[in-house]
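Asker: Here is how the chains run, residue by residue.
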Amino acid sequence: MTRISGGRSLKEEPNDTKIGLEIHFQVKGRKLFCECLGEESVLELGSFERKLSVVSGEKSDKDAAAMQESSKGKEYEYIKTENSCLVEMDEEPPHLPGRETLETAVVVSLIMGCRIVDNVHFMRKIVIDGSNTSGFQRTGIIGLHGNFKGNSRNIGITSVTLEEEACKKVREEGEKIVYNLDRLGIPLIEISTDPDMRSPKEAREVAQSIGLAVKQSGMIRREASSIRQDLNVSIKGGNRVEIKGVQSLSQIEKVLSKEIERQESLIEIANVLKGRAVSTGLLLEDLTNSNYFKDYELFSKGAKSGKKIFGFTLPGLSGVLNNGRFRLGKEIAERLKVVGIGGFIHSDELPNYGIGENEKQEISRKLGSKTDDAFGLIVLEPTKIEVCIEIIQNRIKDALGGVPAETRGATENGTRYLRPLAGSSRMYPETDIPLIRLDPSYLKEVEKKLPPTVEQRVNLLEALGVPRQEAFNSLWKEYDDVLESFVNEFGNPKICAKFLSVVFSSEPPDLQKAKTLINRFSKGNIPSESLESLYQDGEFGLSENRKIMLTKNESLDFTLILKDQHEMKEIGVDFKIKSEDTEKLVRIIESVIEENKSLIKERGEGSFKLIMGKVMKEARGQFEGKEISELLTKKIRDVIGKSDN
Amino acid sequence: MSDTIESGDKVEVQWKGTKFSGMFISKDEKVTVIKLQNGYNLSLENSSIGSISLLSKFVQRKFSEEKVTGEGKRVFVLGTGGTIASYVDYETGAVKPAETPQEMLHAQPDLAKIASIGTEIILNILSEDMQKADWINIAKKVYERISERDGVVITHGTDVLSFTSSALSFLIENPKAPIVFTASQRSPDRPSSDAFFNLKGAVRVAQSDVGQVCVVMHSSTSDDALDIHSGVRLRKMHSSRRDAFKSINSEPIGRVDRDLRIQWRKYEKINEKPMKLYDKLSEKVGLLYFYPGLSEELFEKFAQVNDGLILAGTGLGHITNRFASRVKEYTSQGKIIGMTTQCLYGAVDLEVYTTGRNLLEAGVIPLHDMLPEVAYTKLSFLLGNFDVDTARNLLDKNLRGEISERRTE
Numbered sequence: 001m002t003r004i005s006g007g008r009s010l011k012e013e014p015n016d017t018k019i020g021l022e023i024h025f026q027v028k029g030r031k032l033f034c035e036c037l038g039e040e041s042v043l044e045l046g047s048f049e050r051k052l053s054v055v056s057g058e059k060s061d062k063d064a065a066a067m068q069e070s071s072k073g074k075e076y077e078y079i080k081t082e083n084s085c086l087v088e089m090d091e092e093p094p095h096l097p098g099r100e101t102l103e104t105a106v107v108v109s110l111i112m113g114c115r116i117v118d119n120v121h122f123m124r125k126i127v128i129d130g131s132n133t134s135g136f137q138r139t140g141i142i143g144l145h146g147n148f149k150g151n152s153r154n155i156g157i158t159s160v161t162l163e164e165e166a167c168k169k170v171r172e173e174g175e176k177i178v179y180n181l182d183r184l185g186i187p188l189i190e191i192s193t194d195p196d197m198r199s200p201k202e203a204r205e206v207a208q209s210i211g212l213a214v215k216q217s218g219m220i221r222r223e224a225s226s227i228r229q230d231l232n233v234s235i236k237g238g239n240r241v242e243i244k245g246v247q248s249l250s251q252i253e254k255v256l257s258k259e260i261e262r263q264e265s266l267i268e269i270a271n272v273l274k275g276r277a278v279s280t281g282l283l284l285e286d287l288t289n290s291n292y293f294k295d296y297e298l299f300s301k302g303a304k305s306g307k308k309i310f311g312f313t314l315p316g317l318s319g320v321l322n323n324g325r326f327r328l329g330k331e332i333a334e335r336l337k338v339v340g341i342g343g344f345i346h347s348d349e350l351p352n353y354g355i356g357e358n359e360k361q362e363i364s365r366k367l368g369s370k371t372d373d374a375f376g377l378i379v380l381e382p383t384k385i386e387v388c389i390e391i392i393q394n395r396i397k398d399a400l401g402g403v404p405a406e407t408r409g410a411t412e413n414g415t416r417y418l419r420p421l422a423g424s425s426r427m428y429p430e431t432d433i434p435l436i437r438l439d440p441s442y443l444k445e446v447e448k449k450l451p452p453t454v455e456q457r458v459n460l461l462e463a464l465g466v467p468r469q470e471a472f473n474s475l476w477k478e479y480d481d482v483l484e485s486f487v488n489e490f491g492n493p494k495i496c497a498k499f500l501s502v503v504f505s506s507e508p509p510d511l512q513k514a515k516t517l518i519n520r521f522s523k524g525n526i527p528s529e530s531l532e533s534l535y536q537d538g539e540f541g542l543s544e545n546r547k548i549m550l551t552k553n554e555s556l557d558f559t560l561i562l563k564d565q566h567e568m569k570e571i572g573v574d575f576k577i578k579s580e581d582t583e584k585l586v587r588i589i590e591s592v593i594e595e596n597k598s599l600i601k602e603r604g605e606g607s608f609k610l611i612m613g614k615v616m617k618e619a620r621g622q623f624e625g626k627e628i629s630e631l632l633t634k635k636i637r638d639v640i641g642k643s644d645n
Numbered sequence: 001m002s003d004t005i006e007s008g009d010k011v012e013v014q015w016k017g018t019k020f021s022g023m024f025i026s027k028d029e030k031v032t033v034i035k036l037q038n039g040y041n042l043s044l045e046n047s048s049i050g051s052i053s054l055l056s057k058f059v060q061r062k063f064s065e066e067k068v069t070g071e072g073k074r075v076f077v078l079g080t081g082g083t084i085a086s087y088v089d090y091e092t093g094a095v096k097p098a099e100t101p102q103e104m105l106h107a108q109p110d111l112a113k114i115a116s117i118g119t120e121i122i123l124n125i126l127s128e129d130m131q132k133a134d135w136i137n138i139a140k141k142v143y144e145r146i147s148e149r150d151g152v153v154i155t156h157g158t159d160v161l162s163f164t165s166s167a168l169s170f171l172i173e174n175p176k177a178p179i180v181f182t183a184s185q186r187s188p189d190r191p192s193s194d195a196f197f198n199l200k201g202a203v204r205v206a207q208s209d210v211g212q213v214c215v216v217m218h219s220s221t222s223d224d225a226l227d228i229h230s231g232v233r234l235r236k237m238h239s240s241r242r243d244a245f246k247s248i249n250s251e252p253i254g255r256v257d258r259d260l261r262i263q264w265r266k267y268e269k270i271n272e273k274p275m276k277l278y279d280k281l282s283e284k285v286g287l288l289y290f291y292p293g294l295s296e297e298l299f300e301k302f303a304q305v306n307d308g309l310i311l312a313g314t315g316l317g318h319i320t321n322r323f324a325s326r327v328k329e330y331t332s333q334g335k336i337i338g339m340t341t342q343c344l345y346g347a348v349d350l351e352v353y354t355t356g357r358n359l360l361e362a363g364v365i366p367l368h369d370m371l372p373e374v375a376y377t378k379l380s381f382l383l384g385n386f387d388v389d390t391a392r393n394l395l396d397k398n399l400r401g402e403i404s405e406r407r408t409e
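Protein chains in written order, with my numbering: chain A, 1 to 645; chain B, 1 to 409.
These are computed hints drawn from the structure, not numbers from a lab.
The model shown is predicted, which means the values in this text are computed figures rather than measured ones.
C-beta atoms are modelled at their ideal positions from N, C-alpha and C, and glycine is treated no differently.
You may find that some hints are simply not true.
Where chain A lies over chain B, by a calculated footprint (3+ residues, C-beta under 8 Å) [said to hold, decoys possible]: (1) 13–23; (2) 238–245.
Listed below are the simulated BS3-like cross-link pairs for lysine-lysine, each with C-alpha atoms no more than 27 Å apart in a straight line [stated by the list, open to error]: (3) A:K444 - B:K30; (4) A:K384 - B:K113; (5) B:K96 - A:K51; (6) B:K113 - A:K149; (7) A:K80 - B:K236; (8) A:K384 - A:K330; (9) B:K16 - A:K444.
Kindly generate the complete structure, drawing on both the sequences and the hints.
Answerer: Next up, the structure:
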């Protein structure tokens, strides 16, 4: 992919690396197309088995990726769960999406600066790895052509889509894959960016910023697995490679760096091979009865169990299969592995596996290898050798062109081959769901509910005295509202921020640690350093027997509870006792004073005790006595003063 | 928008201050559908579109011309509506039903491995729109095919499939080749469709020696076995599941396993008795589901317009005592009134309660464990082809396995 770098700013180093992101967020609440709850890991209730087939208008239309998966002849077992119904079983048509879910998708699209579609038109995207019982994923565009402000440049947003989450893979048993239905159908918002990022670091930063911005909707599930990224990356002279299933932000940078290294080495390999007599005419020899492999258990055992040991030339590939950065051998092995052929070894690895230098030379001679030629070895059922050779030939052809366009999976140490890059021609309309109109009046209503932007929130917290980094941290972990309330209530913004960052540093928040810290907090023993080292039982006690504790609410979110002798009040995100309730107290006092004006005028300050009793009837438990008495004294004086005039 | 833009053309669209290219799919009075390059459809309000301009015309790709009929014993697949084979054009997103043998085999390439396939679309209507005349037409077509000893598979919508299978059971006596119905509960454009396995299984059964009309459908929600039901003993028992069809008051007559091997239980083989086609069905037969509150007026109207009446009574076969004298009036006029149970499972018995005895007294014929729909098609068949006395006499006799003496569940 070459591109004329016309509009690029001069400050940037020339760089043809292009990175695009697809970020997936699970949405809270019900599933997308049924009323089942979107909780994972619940009771299992038996299972059933299915197969999938794909049909299309013409053979050549069949999506290459889909074809390959189907040719595997797989069977799929699905485990039913408490949170799955006939819809997940593909035994009942989908229901209409939930109102809240749809609204979240629109909010996210607006946060991403997208234009909202006139009608949501759900499509069926063919996916036949069994991860969807239907054989397709339902998906619809909500927003298009957005724009997101990254740290160093604007990132184009291709689209925001609302789709159903796939099943969770439990295990593979030979030709059978076992899936669990609990995750299937959880609403997923996918944000696709244009390939506007230029480095792994920038990709990580943009992913983080987008994540933060989207979390402001308050509707994104918190589970660690609820946010996933797919990456698209190409370098100069290469092709687009899609990387699936990057689980964390920190992994983005590492995976991309490794992938770019891989792509660069493949381009170097292509350059090396230009000067060589590379050919896909592999000379195949049956070496089962030879003596070379008696010390290599995999081969000798395989041969005893009826498999054959095959040797074949790899013309022109010596020194690029496994040599420093060159790892073409690994590329070939990965392609073979996806069709269930393992154990490929080659001459660049030898001597090894109990195969000595002498044997290596002999095999080479026997196969008739020339100077630049390598050779490969495999133990295999004779029926599979044809497929094996064809796969190797295809990978060699690809090597001449540098980087093949393909879909890869993220691993601990980089990426591994999954399948050819999926084309775009595998979608058709979902006819079981009508068009859903998003008319201008609806959009206006949703726009009113837009959350403040990350920048606005951070600025507000900063204005309260919270350090900027702590403010970002609170947004990322979604306790910014709690932090705001704490600062409003207790002052000490730096201490509050630090305190909460410790409480929320783990997911879920550490209750024990929170209690301990609150205890210290309540005794006025507010340390400025090493909060984490404090451990004791306790809660944060306020005056009048009130306490604050961190606990779980009905929807299993962590929240702060205000407790006194009368009631438990959830104050989590609305923890704003002072600002709101002082007004309420003023109203109570004023109304009592109004009712007893003549009494006050008559008795002056002597009326205090009587009036205080009346106020306390209404305000008890909600306000501190001291606050009430101070305010009441002031108000009574106002009345007396007035009457004096 | 220019008139020259047709479905499939590549266009550029101006919309809400942005522009993009895609494939024009359709336009109605409200919405224009554009397919983006990434496969998504956008349904844009006509009023929100700035302009649409043609980029390039659509070039239709040709269907492959290779002629395949498959290998194995010949089977004729007759389509009656309800798609069991279709293909998706992912370029335009259109789903098209397979009509010719070529298309059928393209959509279901595995069929060619087990049979030489002939196909004919004899009807293309929704199952619920089916009329008695359609049953006769289907029976005639099937009769033609099986006269040449080719097994026949009839694809059908699921909704009223058991009416049609029952009608054909009566209309064709001693079939000389298998007559097998099949259908799908999930449309065949879906990779998960039950159509693939159902059709393969049905073709296998159509290559066997079965001499009674049968229906082949999923036994459970899994893709691991198909039940072979007698055409007169089954009913759709679920609105959407794959295993909606159940044999009622009898076991399925066989099963097809995942490798398409048939395990028969008790079934009728093709016999040497002469085959006969009956080509009439009485239009003056009705089926009435009794319910508390059913007005006498409605019951009378229903009975007056029909020569034969099948009642789906409560429990052991009851309707309100208030209608007993009316019933007697009609039976003495020569009308035939048969009683089945809306419980479906179990037989009617009019000897147990006074109500039942009153109905017997009034001339109601108890129809044992025959299903209401089967009794309805049977009486239509009897009154269409025989005189009233013969019809009355045959209604409660077992002709095609629709009645059994023993029930084990």
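Asker: Take the hints in turn and mark each one as holding or not.
Answerer: So, going through the hints one by one against the coordinates:
1. 13–23: Result for this restraint: holds, n = 5.
2. 238–245: Since 3 is at least three, the answer is holds.
3. A:K444 - B:K30: holds (21 Å)
4. A:K384 - B:K113: holds (22 Å)
5. B:K96 - A:K51: holds (22 Å)
6. B:K113 - A:K149: violated (58 Å)
7. A:K80 - B:K236: Cα-Cα ~24 Å, so holds.
8. A:K384 - A:K330: Answer holds: K384 of chain A to K330 of chain A is near 20 Å, not above 27 Å.
9. B:K16 - A:K444: holds (16 Å)
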